[in-house]
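Participant: Make the full structure from the sequences, and use the hints.
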Amino acid sequence: MTQPGPAPQPGPVPPSTVPPSTVQPGTVQPPECHDEVCITCSDTAVAVTIARLLPDGLAVVDTEAGQEEVSVALVSAGVGDTILVHAGEAIAVVPA
13 MTQPGPAPQP GPVPPSTVPP STVQPGTVQP PECHDEVCIT CSDTAVAVTI
63 ARLLPDGLAV VDTEAGQEEV SVALVSAGVG DTILVHAGEA IAVVPA
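Residues 13 to 108 (the numbering used here) are what the sequence shown spells out, left to right.
Since the hints were made in silico from the structure, they are not lab data.
Small disclaimer: the values here were computed from a predicted structure and weren't measured.
Quick reminder that beta carbons are idealized off the backbone N, C-alpha and C, glycines included.
Hints are supplied without guarantee of correctness; some may be wrong.
[Said to hold, decoys possible] Restraint ranges, calculated between C-beta atoms of paired labels, are given here:
hint, residue 1, residue 2, range
1, Asp55, Glu76, 17 to 23 angstroms
2, Arg64, Leu86, 14 to 20 angstroms
3, Ala63, His98, 14 to 20 angstroms
Facilitator: This is the structure we're talking about:
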């Protein structure tokens, strides 16, 4: 009779074989890019004007492409203020 061999030891799984829903904690997944540059990867902040404030630290802003919803949780800004937005988050109020 043969003896069973040792149990396989857990090891790293190549990223291409791990479905996105089972990515292990501590691993970093690159952002999915749809344009030439990912907004979250770039060093660009966009100046926009607040059109209206929403609950929960959000605001609707006017951009060159139309209106968008962004977070204003990190700044003190009101309707009509110009803010700098990076990755959907207001990071500064532009002085008038």
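Participant: List, from low to high, the hint numbers that the structure doesn't satisfy.
Facilitator: none
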